[in-house]
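Given these sequences and hints, build the entire structure.
Sequential numbering of the sequence shown, starting at 113, is according to my numbering.
Please note: incorrect hints may appear among the correct ones.
Claimed, not checked - Cross-link-like lysine-lysine pairs, in silico, DSSO-like; alpha carbons within 27 Å at most: (1) Lys302 with Lys286; (2) Lys286 with Lys212; (3) Lys286 with Lys210; (4) Lys217 with Lys146; (5) Lys312 with Lys329; (6) Lys312 with Lys242; (7) Lys280 with Lys217; (8) Lys146 with Lys131; (9) Lys280 with Lys312; (10) Lys214 with Lys280; (11) Lys214 with Lys146.
FYI, nobody ran anything at the bench for these hints, they're computed from the structure.
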Amino acid sequence: MLYHSQQMTTQYWLTPLLKFLLENNNENAELYLKHLDNNLLCSEANAPLIKRTHRYLVNAWYTEAVLDANISLNQIYSNGTQYPHYWFYKLEYILYLKLKSKDSKLVDNFRMTAKNSVEHVTPQNPRIKKEVISDDLLHTFGNLALVTGSVNSEMTDDGFTVKQAKFKERHKGKGVSLKLEYIYENTQWKKEEIETHHNKMIEEFNLYLSAVSTKCKGIAK
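Below, the structure is given as structure tokens:
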């Protein structure tokens, strides 16, 4: 997730991770990587990453004030395609962990791969005019998903029912997008469903952030 969501030449999290591995023989390595991710990329700190990373070389379990997902996922852009891809990648990872813990078959074919296209579930220019929604709802995180360009091209400006049928026929259970797996379980996609999904994803984020923080505190003592 971090590999795909960060600039290829600035994987700042890698240096403290390697130091941790050298000193701890892989013990708690996965948890530590989650700790780095949450504190370096989901925090309120304003200092550049290159400077903040040094703190973890001095104190591996250093903590920042982690953002509430109500802040990070309630950003509204003039165009949803501007939404930082990191949040989509991270959500996919969070949903993957949740579904895997429930032995869901939806993750059997899931792989974290590079994606570069933001899909509007309710399209920006719907073919059916009565499906037009307000811009603040259109570009909200709840109505968006990160997919490949080819998947986005398939969906075009079709309405929810048509997109849902395409997704279930071509992509269901194939690891295209766990977020879309959740979305296309709905029978319709209107204001209430968009907001419900949006709030549910925020809840999943915060549950994950809290769980990781609690585990890290137990080890850092």
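Margin query: Checking one constraint from the list: CA of lysine 217 to CA of lysine 146, max 27 Å. Satisfied?
Written below: Distance ~24 Å between lysine 217 and lysine 146 Cα, so the pair holds.
**Asked** Are the Cα positions of lysine 146 and lysine 131 separated by 27 Å at most?
**Response** Roughly 15 Å between the alpha carbons, so the hint for lysine 146 and lysine 131 holds.
Practice prompt. Take the C-alpha atoms of lysine 280 and lysine 217, compute the straight-line distance between them, and say whether it is at most 27 Å.
Written response: The given pair, whose Cα atoms are some 15 Å apart, holds under the 27 Å limit.
Would the pair lysine 286 and lysine 212 pass a check requiring their Cα atoms to be no farther apart than 27 Å?
With a Cα-Cα distance of about 15 Å, the restraint between lysine 286 and lysine 212 holds, given a limit of 27 Å.
- Does lysine 146 lie within 27 Å of lysine 214 when you go C-alpha to C-alpha? holds (20 Å)
Taking only the CA atoms, is the gap from lysine 312 to lysine 329 under or equal to 27 Å? Since the Cα atoms of lysine 312 and lysine 329 sit roughly 26 Å apart, the hinted pair holds (cutoff 27 Å).
Quiz item: Does the alpha-carbon distance linking lysine 214 and lysine 280 stay inside the 27 Å limit?
Solution: With Cα atoms ~21 Å apart, lysine 214 and lysine 280 stay inside 27 Å; holds.
(Q) Checking one constraint from the list: CA of lysine 312 to CA of lysine 242, max 27 Å. Satisfied? (A) Holds, at roughly 26 Å.
| query | Is lysine 280 within 27 Å of lysine 312, Cα to Cα? | reply | holds (22 Å)
Would the pair lysine 302 and lysine 286 pass a check requiring their Cα atoms to be no farther apart than 27 Å?
Answer holds: lysine 302 to lysine 286 is near 26 Å, not above 27 Å.
Q) lysine 286 and lysine 210: Cα distance at most 27 Å? A) Satisfied, since the Cα-Cα distance of roughly 17 Å is no more than 27 Å.
Hint compliance for this structure: no hint is broken.
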